Amino acid sequence: LATIPDAFLFTSECVSEGHPDKICDQVSDAVLDACLAQDPESKVACETAAKTGMIMVFGEITTNAVVDFQKVVREAVKRIGFDDSSKGFDYKTCNVLVALEKQSPDIAQGVHVGKAPEEIGAGDQGHMFG
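Start counting the sequence shown at 1; every next residue gets the next number (our numbering).
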């Protein structure tokens, strides 16, 4: 049997708003918000990756909303303050790749199809903070 240690080391990372991790979080949040604004029943599993001059959003979304994802991404980057290439990023000229498709029927069945509201799960969603 494994024993539980008396103490353990816990670490976490803190980054500023312009850090790529935070940019990605805000872009993914903006995509979710845009879908929910039009369709409160939207199911959104959106990930975002960023590199100098480029943002890619990808994942699975099931919604009746009609969303211009390019515009949503660019507006999120603009709100953060990246509005000129001298800052290393410009919402007007960055490359935005959108690779979003409809949610897999297998995931839908396991998460929400045919379930009461209190039975609806979150798929493979994890918890994080920071």
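Simulated from the structure, these hints should not be mistaken for laboratory data. It is possible that some hints are incorrect.
Derived DEER-like restraints, expressed as beta-carbon distance ranges [said to hold, decoys possible]: (1) E13 - N95: 21 to 29 angstroms; (2) D68 - A7: 44 to 52 angstroms; (3) D39 - L97: 22 to 30 angstroms; (4) D90 - V15: 18 to 26 angstroms; (5) Q70 - A7: 20 to 28 angstroms; (6) K78 - D6: 21 to 29 angstroms; (7) K51 - K78: 14 to 22 angstroms; (8) L32 - F10: 26 to 34 angstroms; (9) A65 - K92: 21 to 29 angstroms; (10) L32 - K87: 43 to 51 angstroms; (11) D6 - D84: 26 to 34 angstroms; (12) N95 - P5: 43 to 51 angstroms.
Quick list of in silico lysine-lysine cross-link-like pairs, DSBU-like style, CA-CA up to 35 angstroms [said to hold, decoys possible]: (13) K102 - K51; (14) K102 - K78; (15) K43 - K78; (16) K43 - K92; (17) K22 - K78; (18) K92 - K51; (19) K22 - K92; (20) K102 - K43; (21) K71 - K87; (22) K102 - K22; (23) K51 - K78; (24) K22 - K71; (25) K78 - K92; (26) K102 - K71.
As the structure is a prediction and not an experimental result, all values here were calculated from the model. Note that beta-carbon positions come from the ideal geometry of N, C-alpha and C, so glycine has one too.
### Message
Against the 35 angstroms threshold, does the CA-CA distance of K78 and K92 hold or violate the hint?
### Response
Holds - the C-alpha atoms of K92 and K78 are around 8 angstroms apart, at most 35 angstroms.
### Task
Given the hint that K22 pairs with K78, test it: the Cα-Cα distance must not exceed 35 angstroms.
holds (14 angstroms)
### Message
Holds or violated: K102 and K51, Cα atoms, limit 35 angstroms.
### Response
Roughly 25 angstroms separates the two Cα atoms, so the pair holds.
### Message
Against the 35 angstroms threshold, does the CA-CA distance of K102 and K22 hold or violate the hint?
### Response
holds (25 angstroms)
### Message
Next pair to validate is K102 with K78; report whether the Cα-Cα distance is within 35 angstroms.
### Response
holds (27 angstroms)
### Supplied distance hint 18 to 26 angstroms, evaluated on CB atoms of D90 and V15
holds (21 angstroms)
### Task
Measure nothing beyond the straight line between the CA atoms of K22 and K71; if it is 35 angstroms or shorter, mark the hint as holding.
Measuring from Cα to Cα gives roughly 19 angstroms; hence the hint holds.
### Query
Cβ-Cβ distance between D68 and A7: within 44 to 52 angstroms?
For D68 and A7 the Cβ distance comes to about 51 angstroms; the hint holds.
### Query
Is the Cα-Cα distance between K102 and K43 35 angstroms or less?
holds (9 angstroms)
### Query
Taking the CB of L32 and the CB of K87, does the distance hold inside 43 to 51 angstroms?
At 26 angstroms between Cβs, range violated.
### Query
Would you say the C-beta atoms of N95 and P5 sit inside 43 to 51 angstroms of each other?
holds (47 angstroms)
#### Entry: 35 angstroms limit on alpha-carbon distance, applied to hinted pair K102 and K71
holds (19 angstroms)
Checked against the numbered hints given earlier, the structure breaks hints 5, 6, 10 and 11 and satisfies all the rest.
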